[in-house]
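> Given chain Y, put chains H and D in place with the hints provided.
Residue numbers (the numbering used here), protein chains in the order written: chain Y, 1 to 293; chain H, 1 to 251; chain D, 1 to 330.
Hints were generated in silico from the structure; no laboratory data involved.
Be a bit skeptical, because a hint or two may be false.
Some chain Y residues close to chain D (C-beta under 7 Å, calculated; not the full set) [claimed, not checked]:
{"hint": "1", "residue": "Ile37"}
{"hint": "2", "residue": "Ala85"}
{"hint": "3", "residue": "Pro92"}
{"hint": "4", "residue": "Asn96"}
{"hint": "5", "residue": "Val98"}
{"hint": "6", "residue": "Ile99"}
{"hint": "7", "residue": "Gly110"}
{"hint": "8", "residue": "Pro131"}
{"hint": "9", "residue": "Ala267"}
As a list, the in silico DSSO-like pairs of lysine-lysine whose alpha-carbon atoms are at most 30 Å apart [stated by the list, open to error]:
{"hint": "10", "chain 1": "D", "residue 1": "Lys322", "chain 2": "H", "residue 2": "Lys52"}
{"hint": "11", "chain 1": "H", "residue 1": "Lys104", "chain 2": "D", "residue 2": "Lys115"}
{"hint": "12", "chain 1": "D", "residue 1": "Lys117", "chain 2": "Y", "residue 2": "Lys265"}
{"hint": "13", "chain 1": "D", "residue 1": "Lys322", "chain 2": "H", "residue 2": "Lys154"}
{"hint": "14", "chain 1": "H", "residue 1": "Lys52", "chain 2": "H", "residue 2": "Lys132"}
Per the computed footprint, the stretches of chain D lying under chain H, defined by three or more beta-carbons under 8 Å from a beta-carbon of chain H, are [unchecked claim]:
{"hint": "15", "stretch": "23 to 30"}
{"hint": "16", "stretch": "44 to 56"}
{"hint": "17", "stretch": "86 to 94"}
{"hint": "18", "stretch": "211 to 225"}
For each residue, glycine too, the CB sits at the ideal point set by N, CA and C.
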Amino acid sequence: MQFDQILQYTLSGLSTGAIYALIGIGFSIIYNATGIINFAQGEFVMLGGLFTLSCLEFLKLPLWAAIPCAIAASTLVGMLFERLAIRPLRQPTPINLVIITIGGSILIRGLAMLVWGKDTHAVPSFSGDTPIAIGGATILPQHLWIFAITLIIIAVNKVYFYHTISGKAMRACSYNRRAAGLVGIDVRRMVMFSFIISSAMGAVAGIIIAPLTMTAYDVGVMLGLKGFCAAIIGGMSSGLSTVIGGLLLGVLESLGAGLISSGYKDAIAFIILLLILFFRPQGLFGKADSERV
Amino acid sequence: MLELSGITQIFGGVTALDAVSFSIAKGDITGVIGPNGAGKTTLFNIISGIYKQTAGTVLLEGKNVSGFSPERLARHAMVRTFQNIELFGGMTVQENVMVGMHTKSSSGLLACALRMPWSSAEERRIREGAVKWLEFTGILDLAEHAAGSLPFGKGRLLEIARALAALPRLILMDEPAAGLNSQETVALAQLIKRIRDLGITVVLVEHDMELVMDICDRIVVLNLGRKLAEGTPREIQECPEVIAAYLGDDD
Amino acid sequence: MAKPIRSGSDLMKRNLLLFAGFSLLVMLAPQFFRGGYLMNVLVFVGINTMLAIALNLLLGYAGQISLGHAGFFGLGAYLSGIMTTTFSMNPWEAMPVAALVVGCLAYLIGFPVLKLKGHYLAMATLGLGIIFFIIFNETYEWTGGPSGLSGIPNLQLGSIVFDTDVKNYYLIWGVTLAVMLFSMNLAQSRVGRALRAVHDSEIAAQVLGVNARHLKVQIFALSAIICSLAGSLYAHTMTFISPTTFGFNFSIELLTMVVIGGLGSIYGSFLGAALLTLLPEFLRGANDYDIIVYGGLLVIMVMYMPGGLVRGIPALFRKIVKREAESGNA
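Excised from the complex, chain Y in its bound form (with noise of 0.2 Å):
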């Protein structure tokens, strides 16, 4: 009985985690190709689950297109955001830049209340509801929907880093942002995809979890908190530190709030964030040489 529920709390806190996770590594390819922590993330997230609403809704589009057309909606907007807010910056200091990933994120929310109101949406899941036994507990076809599409994602991830020209370049913006612009890198094509790929990794994450928890213009603040939570406890790292941040901090929360008490579940991320500012600011698993502080 008691581990059955233990089990059933560790399996949710997985699918979510990977929810966090994928953010998480959303805030790390910005962060580490720009210097910025984007406090707009976790609105990619809210516009990636509205947007494939609106494609099935208004266009009547079919689930296997309506999600591509979220997709590259959001990426679109995140695409605007780098060009008109991020780009035209004066004076970048980090307070400025804080400032104005929270101005665009305001922005982004209170235009997503105008267009899709203040209501919770419902979006159905890929396929069907029926519930699938796991020794003595059970989950639902979304998750495992979501466990796979980040794995595919992780991988993308990690062939794009590794193997690809673009990828690569990214990566040595991410070590030196100088000598790669000396080496004849175009660094700002390199923040502007580094905002590409953040933007349409966090509307996926929005697209498949929406069918779990429901969607609403306001959900992308928290999504997005706990998302850096991941990247933070990852180290910043744009692969598998994270992934395991995330995974680490949704069981975390789950089992929590399912032991505990379901009030504070928000609490735990936060804890644990700043615990591992104060202490471990290079994050769970880095070398103690990073310049975080």
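Chains H and D alone, transformed into the frame defined by chain Y:
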């Protein structure tokens, strides 16, 4: 005044400084020179408490100050200037110098905010002190200007005025002539001599050989993280190892 | 040759005169809006001015961002509220106790928090704010949870009970003016200069003997104390508080006030607070959509007027005058 013994600094396997020892006499102007990559700036950062050395000790007026933070060293009457002048750009020239008097004043947060009589008196004293040092460096006419808008040469003078306001007994200058034109460099040489005449010990890292040979009482030469030679300007000019190091560098 | 420099006392006299004029305007304002609905809004302008100044001391002077200041505001309000209701304490005693508790707490968390810089500091303070918010919601046996805490007593001075908008106006603005004067004095002092120095170049400030770390923590604690005071006053004038007032959105609103008004300017904080408090009153028809205006304002200000209104408007004015003069010459 200042005694370095066995200063060693290793950055991730690379030895930037290897057991450097020398001492600096009170009231001297000492130049630290050497080709690029000799470790001069690293040495300065260690003396001024910005880096913590891997091994070795720094004695300031006989007291072991190894590992002291920069702010603690300032209270022991040692200040420094930076190669790329670090001004407080958002403040006026006079306010910059007033910050220099931080260690020579003591009003706390509440006393300042409530404008207690003693803190107002102290404020007057700080303001007058700043005027004195602006006069000394010849930039009093710029007192009300924003420090961020000063031309480089004036900024250098302001940085020196600000350091002097802390009433140091030892001042470290990191390439004070860098970025100055020849006229400004001549004026700087005079200024540094006047600073010495106040009884302040001066240590400078400098590339401008003419300046170094002109004003320094003693010179220490570093090369590849080791001390190569030490002596009066004349001795250094005639030292074959130094000539070889500089010619070798000139590739 | 040398242009005579203004002596310190001249500067002080000019600043005092400006402040006296401002105070006079504030004190006369009720004559114009006698009893109107606007009085109530002006009470909020006062509270928000205090809060914006608190954040500005940290952000504009010391250069350290906080996205959790609503938390300290809420802590002050709840501590005052709980002490005066559950424990029947006198509000005048509860306010300083609350401020002291909040100040000590901020001082202690200040050490690890302010070791962080830039984006990381922003995230850590944001996390703190959210943790406070969750605590306000979840400790319902003390705070009443989401449904709030009511029956908080008004402040009372002799036989005067501060229970009308006009009386509250004088109470709040009396304290606000004191906070303004306090902060302006601080900014123009040894400590204020050291703060601005840390903002511009932390390393140069340290080399001159400024203990940057301790100074940042001190100002963080002071900032939290001002927030707590504003929170207590809010609780005693409203007599009812609930968690939604003290959430993440309000921290962002405070940030917007400070940025719009002008970083590092006390009058700027007043301007930002006044604008953002009055704006929703004029945007009544657009009830929930003021959030878009905030977002837009933040983006536009950072991009086109990074000095805030207090510097941007005079600069704009000078530009226009110059252009007129040039076209006149041509």
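> Of all the hints given earlier, name the ones this structure violates by number, lowest first.
Violated hints (numbers, rising): 3, 8, 10, 14, 15, 16 and 17; every other hint is consistent with the structure.
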